[in-house]
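A.B. asks: Using the sequences and the hints, build the whole thing.
Take a look at the letters that make up each chain.
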Amino acid sequence: MSEAKVKEKKEVAGTPEKTHFPPCRDACPVKTDIQNYVWLIGEGRNEDAFDIIRSVNPIASVCSLICHHPCEQQCRRCDVDKPVSIRHLKRFAIEQATEYRRSKRKAVPKTRGKSIGIIGSGPSGLTAANDLADLGYDVTIYEKGPDLGGMLSSAIPTYRLSREALREDIDDVLSKGVESVTNCNIGEDITMKELREKHDAVLVAVGLAESRSLPIPGVDGPGVLLAIPFLFNAAYGKPTGIGKRVLVIGGGNVAVDVARTALRLGAENVEMVCLESEEEMPAWDWEVEEADEEGIKVHHRWGPKGVSRDGDTVKGLDVVKVTSVFDESGRFNPKFDENQKQLIEADTIIITIGQMSNYDFLKGSSVERDERGLLKWDRATQMSSESGVFVSGEVVTGPGSAIAAAASGHRSARAIHLFLEGKDVAAGLQDEEIARIEKLPPDVACKVKSVPRNETELLDPKTRCREFIQIEIGYDEMTALKEARRCRSCGGGALVDQDKCMACLTCLRICPYDAPVVTNASYISPDRCQACGLCAPECPARAIRMFGYDVDSIRNEMSAYIGKVDPSRKEPVVAAFMCSKYALDKSVSLPSNIRPIQVHCASRIDTLDVLKAFEAGADGVAVVMCDSEGCRHPGVSRIVARRLRHIQGLVQPLGIANEAVGHLKATEGQDWTEGLGGIAAGIPVRGK
Amino acid sequence: MIVGSQKPLDEIWGMVKDSKNVLVFGCNTCVAICHAGGEKEAESIASLLRTKAGQEGVDMKVESMGIQRHCEPEYFEPVMDRVRGYDMVLSTACGVGVNFLAERIGKVQVCPGINTSFYGAVESPGVFKELCAGCGDCILHMTGGICPVARCSKTLMNGPCGGTDNGKCEIGKEVDCAWYLIVERMKTLGTLDQLAEVRPPRDWSPGTAGGPRRLTIEHLMDMEESEE
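Protein chains in written order, with the numbering used here: chain R, 591 to 1278; chain L, 243 to 470.
The hints are simulated quantities; they were obtained by calculation from the structure and are not laboratory data. The reader is advised that the hints may include incorrect statements.
[Stated by the list, open to error] Label pairs and their in silico Cβ distance ranges: (1) R:PRO1243 <-> L:LYS396: 30 to 36 Å; (2) R:SER1179 <-> L:GLY348: 53 to 59 Å; (3) R:LYS1154 <-> L:ASP301: 17 to 23 Å; (4) R:GLU1161 <-> L:VAL300: 26 to 32 Å.
C-beta atoms are modelled at their ideal positions from N, C-alpha and C, and glycine is treated no differently.
C.D. replies: As structure tokens, this is what we get:
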């Protein structure tokens, strides 16, 4: 035989690339690796969690406060109880990592020799600037308003989005060397032509920054305001001109923002009127509930007919009953019953029925618009009709979330990079489809323990609606840890190396969720796997790895965990493998002879980890794990106890007594340190 | 499959203690399935040996690795140079693997890390049971599928001995009497009368009584010979 035809099986190590996205990640427009960062928060690793979040989301702080969190709607815990409170966990991690993120800020060398002008500094403009700066381009942002952030700084009320949080995101981007020009009106301060001459590519990311009005009688004149200018004035502490009784027309999220802002500006009575019923109303349920708590009444299914005035003074809004909002094909097509009408009294009316863009700044450029006045653009390349002018954000996606605009910014940045590199933009923008993990199968869901969601508190409605302060109270550390542990780590579970597996059935037999399917090798279904990790330490062929967790990490670092072992010690050196629930308990301080080793769950403790502890000089091992009530997985405490008995047998010929391999099942809320101390006290010093 | 179990650590230590550079060499087939000698167990033994060496103050390097099977030459090829770099290989393959490696490795000593026990099945998770003795002349069709060679303590061929006791063997209450099982099974099958047939004495020569065995399958041999 000239050459070996049987190849040596490759050594598997580290953490594999994810092959499936859990539904939370799939739902996130920027595909944040939520499972990973929530897991890291549960491990007390907030800075690492921040890195994961920030790696795809340049408006991370903003999203931690105002994201509509589509991830939570898709959380597979919905099939058991309530979704993991992902947004609040994100906020916790980011706030904890503030100093860390500031320390990481540094300029990126401008290596490309090309520059890009970005019009607009909202979520998509900022995101594109971030990405292009990372790629080594010279980036300048042009912002119409006095501050960067677009609508984030000029319209979102501060009781929802603190400007300090926004500033952190902006400072991250600017620190890369991105230039910015504020109070800059394109077309007046600088023309499109000049921009095109100055930059190698231009990105139009102006968003929908103007309010639509209503073509109804009486609308022009004092006492009738448009949402965006009103929010702008409120954001900058300028007079808004509202009276005591404010009526907001509209049922979307901006309408709720406007109503709650009016209340905080001192209006005595704020009401809303919208075409839709409570169920049809487009604003998020929680926004409406919070407004309701603050005393804002909503008139559902009334359509505006005219502003009633007494001379110049607004008396109220004439409305007619809405019989239906959408037609049979689901299109917006409201029908009215003209016989049912009323006057809703108010002295100020704020119109919040939608937004649009003003493209006057494009005059003189060859960027074309369609018959409706919207920008013409190519979905495949993010490019407008003028080569080198790209578009992103709500200009192209229509009204949407900040994070959707950020996703669009990422895509445009990629498009610009491909374009400037002279590559095929459309081909380069095609994304590889990644499979999505399906819903939790019912026979798995019934094995998942219900754990109440840790709701965050809001400030009291009576006091909160009199000032512009952040109304959400974030998690404290212990609550964040608890909430993070509710995550089922979908997609963060086991992966079998088909090349090494010899189909022995061990994983199939040990799995509490019947996730492995074995044919000629085992396949662990990501739909079913709950990432308990019981299987990996039992695999006799070492064929199982975990997504997002290096199964070798603990044993590889064992010498560091154990540290120095004094040959003349009186107290035994004990390697304490502790479930992170206990390892992260800050109220506990362990004596120096107990060397803590944090494990995600005792299920993941491998025989080899324990043997390595002895090899590194430990006199004994103590495992602190949850009792069967407290553990998030069924059967772990029983299986781990059995595993430890096996280890006792293995080390017995080394003269190591059974007492030197101890464990305790801790009960949440009860002192476990005494138990640990008891185990340690019973361990003899080796060789004595 | 072939079932084995790890040798006591003290016995292993006795084999390796004078070596400087030891490889614990796992086999990822039969003996991995019974958690005796696969890659994971090889790693465990290596760790135990390192701890032991530390305790004894012996300067010894112990490493571990595994391959798919120790009973076919091709599997050794990619790793053989590396394996020859040790002065002692503690094989955790079955006895077949230890023999097979010893024939090929040259001057490096090969020692067994496990005791090869029997051909068995997984009766239930963690319970392995001997069901075949590899006697070379199968008669299971005559005994209701229950082997008296492997499962009768005396390898009796013509019914139970006087030691049968309510279905159990006289050697231990946990051991089934194979002939009791055979009779019960054949009753169920309605073939009990077959036991009354007189059969010629058994020829034991296809078993180990005939010396070391070898099987050749001609059409699988010399696959790489050039066309004549």
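A.B. asks: Against each hint, give a clear statement of whether it holds in the structure.
C.D. replies: Outcome of the hint check:
1. The hinted range of 30 to 36 Å is satisfied by PRO1243 (chain R) and LYS396 (chain L), whose Cβ atoms lie roughly 35 Å apart.
2. One distance hint, 53 to 59 Å for the beta-carbon pair SER1179 (chain R) and GLY348 (chain L), holds here, with the actual separation near 57 Å.
3. At roughly 21 Å, the beta-carbon separation of LYS1154 (chain R) and ASP301 (chain L) lies within the given 17 to 23 Å, and the hint holds.
4. Separated by about 27 Å at the C-beta atoms, GLU1161 (chain R) and VAL300 (chain L) satisfy the suggested range of 26 to 32 Å.
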